[in-house]
Amino acid sequence: MLNELRGSFTANSDHVAAKVIDGELIIIRLSDGTYYSMDNAGARVWALIAAQHPIADVVRTIASWYGAAEDRVESDVASLVRELLDEGLIVAASAEANGGPGAAPADLEPYEAPTLHIYRDMGNLLALDPPTPGIDDLMFGNA
Amino acid sequence: MTADAPPLVHALQRTFATAACDGAELHVAHFSFAGRPVRLSVLGPRLAARTQRAFAHLRRAPGEAADRTLRIELWDETETGVTCPPVVELDRQWVACGGALAASSDGRYVSFRYQDSVTVLDRADQHMIGCRGGSYLSTGEYSKPLLVLLSIWYHDRGVQLLHAGLISSSGSGVVLPGASGTGKSTTSLASLTQGLDYLSDDFTGIERRSDGTFSGHSVYGTACLARDNFVRFPELRMHAVDEGLPEEDKPILFLSEIFPDRLRTSVPIRAIVLLRRGNDVTAVQRARRREALRAFAESTLHTVVPRPGREALAMLGSLIESVPAWWLLLGPDLSDIAPAIDKIVSRSAHLDDFRMADQGG
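Chains as they are written, first to last, in the numbering used here: chain Y, 102 to 244; chain F, 2 to 362.
Bear in mind the hints are in silico, worked out from the structure with no lab data behind them. We treat Cβ as the ideally placed atom computed from N, Cα and C, and that holds for glycine.
Below, a list of computed lysine to aspartate or glutamate pairs in the DMTMM-like style, where the Cα atoms sit at most 25 angstroms apart:
#1 F:Lys-145 to Y:Asp-238
#2 F:Lys-344 to F:Glu-322
#3 F:Lys-145 to F:Asp-157
#4 F:Lys-145 to F:Asp-262
#5 F:Lys-145 to F:Glu-299
#6 F:Lys-145 to Y:Asp-237
For the chain Y half of the interface with chain F, some residues (derived, Cβ under 7 angstroms), not all of them:
#7 Asp-123
#8 Glu-125
#9 Thr-233
#10 Gly-235
#11 Leu-239
Please construct the entire structure, taking both the sequences and the accompanying hints into account.
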């Protein structure tokens, strides 16, 4: 089994903020403002990973929900997990989720391989050092 | 400010006091920023007039409790003859907005230095102090004074600045997210010229209330319109303030001077409107909440400094989940915009459960 499919992961919550609305996922990497989007299956995969479900369960769940071939989903999820790790958006989880992933959502669209769209700001493109600051770089407890 | 404040803070405070004691002309004005009291004290009549102008619609009578007031103190080097002190940077530094942003290691003090000017915000004491060197104010500083530091002050008060327009129809606020070029300024100004109320064309303060609803706050009473866009607003051309460098191609409109009765300070937000140009005729259709999330992400996450963080994303998510979203498909006739906004506000008010409607949209 590919390493990306072993064990479970979770959102790198100290460095990432994420929001899912109606199957659209937006993630902000707080260190430099890079933001990411995924929809449909990608957003569902993220939600399952963030809930610390083992990757093998994520694969089976997505394949079941979408009626897609499990080997195809396994390959797609492995690629996505690799990319999420490379971008620092997920980390290995210390524990696994309690309970199952639940019933399939009602409004699923046909299965397509999850695609992580990446939007890097002009600060990164211009190789500013350091990048444009985030408000989280300026945290002040008594404000 | 305390005795252990950074050297830059002490230097600015001493120099401001020196300029005041030397008899420089002091101008004091009181404002309300998102409902919070602000006292602006400026040494130098020209700087005072130019700083107050963008906030004119937010003026209030004095009398608020001093400990809850944001105190802003500025002096003009040229007008007072008192030189800005040498800048000793704070501990951490970044390049931002064509200038330099710096912060103390504990985040309490944040400074912004731009050209010959420097300003510092003490976030604990709600005190901002700075000096303006040279006689030139960029279009950005004239139309949106103190934007970077005010965005931090607003954030500390639970008000998130978004790159979005905000207009109001019959007291109901409509927020217009969108990247540059999507039509926010045109839509906001067209709405204003056609009788709706105006709060912003590009920077808007969003605040979540205790009952879970959202208020939108006006930050500046200005709009900047590209010179070639005045052909669409010929009645505004005579009011354009065009004192910037040639490469600053957007003259300023001080809207409270043109439409004194149509600038509002705050409104409840009732709808989100996404803009799309190029339609044959102006039309309205429901938008999916996911489209609203994408529009806010594209327009705000990269364009507000400091960059919004997890609180902003959470607030945006809650806002999107609480009010309906619409597409305003812009046609060529600007006179169709205000009626379309009115239609959106009316339809939003009559949606019993916009979430159910959204899934069919």
